[in-house]
Amino acid sequence: MHIMKKCLAAVLTVLAGAVVPAPSFAQSANEIFYPMLVTRTGPFASAASGVSSGQQDYFALLNAKGGIKGIKIRWEECEFEYKTPRALECYERYRGQWKIVYPNSTPAIFSLADRLNQDKVLGINVAGGRSDSSDGETFPYLSPVMLNFWAQAASTIRYIAQREGGEDKLKGKKIAFIHIDNAYGRQPFPIFDALAAKYGFEWKSWPLAWPALEQSAAWVDIARRFRADWAVQWNYGQSCSVPFTEMTRVGFPIEKFVGTLWCGSEEDIAPAGDLAKGYVSANFHGVGQDFPVIKEILDVVYKSGKGNMEKDRIGTVAYNRGVINGIIIAEAMRHAVEKFGMPLTGEKVRDGFRMIKLDKARLKELGAEGLMPELAFSPTYHGGVDGQLYQQWDGKKWKTISDWVAPYEDVVWNEIKKSAKAYREEVQQKK
Amino acid sequence: MNDLAFAVELTITGVLIGLLYSMIALGFVLIFKASSVFNFAQGAMTLFSALTLVGLIPLVGFWLALVGAVLIMCVVALVAERVAFRPLIGSSPLVIFMATIGLAYILEGFAQMVWGTQPHGLKLGLPVDPLKLGSIFISKSDLISAGVAGVLVALLIVFFQYTKIGLGLRAIANDQIAAQSVGIDLRKVWAIAWILAGFVALVAGMLWGSRIGVHFAMSLIALKALPVLIIGGIESIPGAIVGGIIVGVAEALGEGFIGPYVGGGVQDVMAYLVALIFLLIRPYGIFGQAAIERV
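If you read the protein sequences in the order shown, they are chains A and B. Residue numbers for the first sequence follow the working numbering, beginning at 1 and rising by one. Residue numbers for the second sequence follow the working numbering, beginning at 1 and rising by one.
Quick caveat, the hints were computed from the structure, so don't treat them as lab data. Small disclaimer: the values here were computed from a predicted structure and weren't measured. Backbone N, C-alpha and C define an ideal beta-carbon position, used for all residues, glycine too. It is possible that part of the hints are untrue.
Pair by pair, the computed Cβ-Cβ distance ranges are [unchecked claim]: (1) B:R82 to A:K311: 35 to 41 Å; (2) A:K204 to B:L133: 22 to 28 Å; (3) A:D299 to B:V114: 14 to 20 Å; (4) B:I101 to A:E365: 38 to 44 Å; (5) B:L124 to A:D394: 20 to 26 Å; (6) B:P238 to A:A209: 43 to 49 Å; (7) B:N174 to A:K311: 53 to 59 Å; (8) A:E296 to B:I101: 56 to 62 Å.
What the simulated footprint calls covered on chain A by chain B, stretch by stretch (three residues with Cβ under 8 Å from a Cβ of chain B suffice, anywhere in the stretch; the number is not a length) [unchecked claim]: (9) 263-272; (10) 395-408.
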């Protein structure tokens, strides 16, 4: 019996070895090997999987059209389930192979920061990451690319002010801030403090422990004791959809509720159904399939059966966000290839990233006009101080209801400079 | 709103949420009663059953989907019992516990493979507007859910106290070998326990699904059953109810009255803090039986 069991174990081991492919790091001269951190399982997979697939579909389109100057991108996924220890494990597994790292996780980018600096690899987290990494001089290997959290928070307050009829109407108003209690959820604090002091509103935080699925007591407090005039949610994944039921229970009006752009994808509100009708969230790009690059992906990638996601999710917020990330990463690689040649390294791609200038003409060339805003980076500016759009859920789809709402740039830059200075001093002290 | 009214509203909210925690804890109790093992897969069973239900609804409508989900949960329970647990009869509880961990991973992976990772809404037609009693708001849907939990608990109590199989389950939990020696069919009783646990998982999945949506994170809610079971006693059905209410109320009042002094976010900590206190003063829970072992 024991021999049988041993034989069975040996056979299974051999089979497992044959079925599970070992990571293939080798990079030939005509391809760029791009390891990818992805979240396709777990509580945050619903939207995060769309972001990863959008990115891959854009690379697939690029490859089908000949690649970057004839060089194709070969990606390989490392699943980390939005868990920081697993993200670090993935990073170590592919250490030496990274050209640019995009985890789509703020806690992960915080934890990876030292290794990225040491390895000279740029870590990006579009509309996330460290807010002060907009300062490219202080953080040469980190970038929020677009809309750092401080810009998002400032734009949200400006949007509320617009809805109230001007900044002067904010005086005496109460804003409840309900958020996941981690590095992502806590980032808006200094901006809210600065703007509360400037405009005279009161704000209070309701932190939620991960996975933040039980919010009932917090909402009773927000609606019944604090009596908030506005509530802002800074959740992620399925915790975004929980407030709709809770708000209804305590009688908080949905028209006074604004969500972060990370609570603004179709997947975030699907479980709430009709309760989410009228909900407003931030966003920074176009939604739907009506963009040349998305149509081209459908025509070229999906018709040839090389798509990386369910076809009915193409054009969703998360998917389009992934395509935009793909465009930015591919542009950084293109500049690096053109300027420095192959083989690519982290440093070359970082310098390529700093050369990105996505103006109207270039966006049109890429088929992304209207899909994403114009962008330009430099060695000193790693992006992040931008405005947001606001969209409303009509029960079936998102409808953009505002123009770009700029952040209070002076307040945001002040915070970036203050924080970057503190970081430099901390590094100096450690030396 | 004054502090008293606030405390009353939080307490009512806590009681109603606590009863929903009890629903999940019940599944653990059922398996523990049959095998003296903490069933780590109960959360995954809740997720799997709810995903199956919402996956079937667009295909065959709600009622047929419900019947289908019950049948599928029966099959899952029977397969789990036959393939994973029957071969382990006589093994130590730790070995069986490890098997439940394996089952949890299989169910979570299988559920995502079959039904995908996308979240779904589950509408049971429960009223969403609150019941207003003076300055106090009470959720009507939570009241109904609490009623469902109450009925299910009453049925389970009757089952365990007054049916032959229920008595068999209790006997097996007490002493497997002695129970077998008096003719109780361990395999049959285990299979029934797993089917019941699957059914309870489905009811819990429906009630929680209508509240937070049906998605992968649902299996994490099952973690709340741990403090509930510590407080109530892991082998007691009334214990699951009382433990759930204590946890729900402690969370709500803790968040409302202690939270403001420590920066908030204490809701989850409260559940474990209360459980820790119980571990110190009554380690086998309010309704649990003190196990006396020769060492």
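Problem - Structure-inconsistent hints, enumerated in ascending order - result: As far as the earlier hints go, 3, 4, 6, 8 and 10 are violated by this structure, in ascending order.
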